[in-house]
Amino acid sequence: MSSHKIDIPTIPASLWNETMDVIARRLPINFESFHQIWQHPWTVSPFWFEDEKERIKEWRFKVAPGFVNGLHYECDIKSPLASARTIERLEVDGKKVGKEEVVTAWGIESPTMRVDGTRVIGSGSDPTGVSVTESGDLTTTAEAVPKFFQKLGVGKGVQLTGNLTSGVQEVVQEEQKDPRILRAFDIVMRLDRISLRVETGDIEVAAIGGFTQLLSIAVGRSSPANPSPTIYQTSKYVAPPPSNPADLFEGIGDREYDELKVATVFFLSPPETTLDEPLDGSWTPYVRHDLFWNLAYLPATIPTALDSTPITIRTGLAGGIGDAIGNQILSPLNDAYAEAVTRAKARSLEGSFWTV
Amino acid sequence: MNSDQIKVRAGESVEEAWNRLVVWVESLKLTRHPSYRVKEIAGGGIQVISNQVTQFSHPFYTSASFSGIRVSTGIVNGLVPMMKDHITSRTKRIDNRDEKGKPIAKESPPMLDLDLAKSSEDGRIFICVRVAPAPKNSKGTAPELTSKEITIVQAIKPDGIKDGAGYHPLAMIYLSQDRKSIGQVFQITHHNLLYRFQERNATAEELLESPKEKTVGRHIFRST
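Protein sequences appear in the order of chains Y and W. For the record, in the first sequence the residue sitting at position 146 is 146 according to our numbering, with numbers rising by one throughout. For the record, in the second sequence the residue sitting at position 129 is 1129 according to our numbering, with numbers rising by one throughout.
These are computed hints drawn from the structure, not numbers from a lab. Note that the Cβ used here is the ideal one computed from N, Cα and C, for glycine as well. Please note: incorrect hints may appear among the correct ones.
[Unchecked claim] Okay, derived cross-link-like pairs now, DSSO-like style, lysine-lysine, Cα gap no bigger than 30 Å in a straight line:
| # | chain 1 | residue 1 | chain 2 | residue 2 |
| --- | --- | --- | --- | --- |
| 1 | Y | K261 | W | K1157 |
| 2 | Y | K95 | W | K1180 |
| 3 | Y | K236 | Y | K62 |
| 4 | Y | K78 | Y | K99 |
| 5 | W | K1157 | Y | K96 |
| 6 | Y | K5 | Y | K156 |
| 7 | Y | K147 | Y | K177 |
| 8 | Y | K78 | W | K1157 |
| 9 | Y | K53 | Y | K99 |
| 10 | Y | K95 | W | K1118 |
| 11 | Y | K95 | W | K1157 |
| 12 | Y | K96 | W | K1118 |
| 13 | W | K1180 | W | K1118 |
| 14 | Y | K62 | W | K1157 |
| 15 | W | K1084 | W | K1100 |
| 16 | W | K1180 | Y | K96 |
| 17 | W | K1180 | Y | K62 |
| 18 | W | K1162 | W | K1136 |
| 19 | W | K1100 | W | K1157 |
[As the list claims (entries may be wrong)] Negatives, chain Y to chain W, calculated, CB over 10 Å:
| # | residue |
| --- | --- |
| 20 | A13 |
| 21 | E54 |
| 22 | E100 |
| 23 | V103 |
| 24 | G117 |
| 25 | G124 |
| 26 | S131 |
| 27 | L260 |
| 28 | L275 |
| 29 | E350 |
Excised from the complex, chain Y in its bound form (with noise of 0.2 Å):
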C-alpha cells in the first residue's frame, strides 16, 4: 500500500497570536457611546433594535426636539414605541393606554418611531419619470444616487433611452459590478393652518324672477387645526405644488398645511448584497438633515375684500324704476368681480418658516 502525502495547510500558534496583535492594534482601543453631545433640534438617530423576548428585530428612529413658534412636533405611534413620560402624560386622568394603542408622543418625550417603509436609490430602482425631447428621443430619469454614495459602491442603475419614431430602445446597464444596494425614507413636518376656500351659493333676485349665484371666499378649515407641528415617515417625500389660481375657480379649495422635509436616512447595504435581502442590521445608516434650528412660521395675511366701484346704471328711464332694477341685477356680478379679483390677489395663505 502505497502511501500519499498530503500538506494540509496550517497556522502555527505563534503566527496566530502575531496576528491578533496586529488586530488588535488595527481595531479601535476606545469608544465609549454617550448622549450628552448637543444635538441641533431635529437631529434624527436611527439605530437598530432587536427584542429577543418579544421577538423584534427591527430599524427604529428618534428625532430630537423640535419647535415651531415655540411648540414641539407631535408624532402618532403605536404606544409600547412611546417613552414612559408619555403614557404617564396620558394616564394621568385614570386612562389607562392599551398595549397596542396609537398615541400622540411629543417630541419633548423622547418618542421612538419604526422605520416603515424604503424606497430603493440607484442600482435596483424604478425609473420615477420620462423625458422626452422634440426629436422623440425618450430618456428613463430616477431619484440620482448621491455621490456620497456612488463612491461607497451604489450603482447609478438601470436607464433606458429609445425613439419614439424609430423604435430603438437602448438600456444603458450599471458601470458597477455588484453594486450596493441604497435604501432611503423621508420624515416631513407639517403645520396646519387655515386655507382659502371658494363657496357658491344662489341669490333671489327679484325684480327679476330668477337666481343668481354668488361666489364668495370662506377663510377656513374642514377640520380644528392642530396648533403644533407634526412629524411623519414617508418612503418618498414629493412637496406639494404651488397653490394654482385657476384651481380656486374651479371650486378646488387651497391645502390646509404647509410642510418642511426634516431629514432623509438612507441605508447602505453591505457588499454582495441582493435587492430582495431584508433592510437588517447589517445595514449602516446615513442622515442627511434639512431642518437644523427650531422655526418661526406665519401665514400669509388673509386677503381683505376688493374696495372697487361698483358698475351702476343712470338712464333716468321710468323715473328712476329701470335704473334700480338694473343696478339690483349688476349687484350679484358686482360682488363676483371683487372676490374674484380677491382670489386673483391671493390664491393661497401658504406660509412661511424661518430659523430662530
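Fit chain W to the supplied structure of chain Y, relying on the hints for placement.
Frame of chain Y, contents of chain W only:
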C-alpha cells in the same frame, strides 16, 4: 482592550479560535455616530475619539435651577434685553452691564425667579423675550426702541399674553410629573433676533372688542 482573549490556547482547534475571534470582532463593531472621530496613530493603530461634552455657546442660552433662570447674552435689534433679578429686585441687562455698557462690578448677571405654579396645565413654562414699544407720540411716530422695552419674562404660552406687546419664546421648561421640580429645559432660540411690528388698521370687529386699539398687527421676530 486585552488581546489575550483572542490568542489561541493550547489544544484549541483553529475553528474554535476563529469563532472566538469573530465574536470578539463583532463586539467591537463601531456604530456610526457624530460624536466619534477616527484617526490613525503611530504604529498603525486606530484611535477612536469620542468628543467630550462641549457646551454649544449661543445667544440666549437658557439654564434653569431652583435658584432661578439665567439667560446668556443675546441681542434684539442690537439691544441687550433686561431681566428682573430676584436677588437684588432690580431689573438689569442680562449681560450684567449698565445702560452705558459698563460692567457692573461685584454683581452677578440677573437671575429670574421661576414660579413653578405659573405653568400650563400640562406642565410647560416658557421663557420669553417681551418687546413692548413705547406708544407713538402726537406726530404719529414711534420712539426708538431701548433696552428698557425689551425684557425677559416667564409666560405660560409661547406667545405670551394679549397685552399688546410682542412675545418670542427663548426656551421651554418642562416640569416633572408632580410639577414640583424642573424636568428638562429645551432651548428654542439659538440666534440673535430682529424685531418688527407689521402694522395694519384694526377691523370693525377688533375695534368693537377693544376700542382703544387703533392699530393692530403681527409681532415678528427673525434671527440675525
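Sort out which numbered hints this structure fails and list those numbers smallest first. 6, 19, 20
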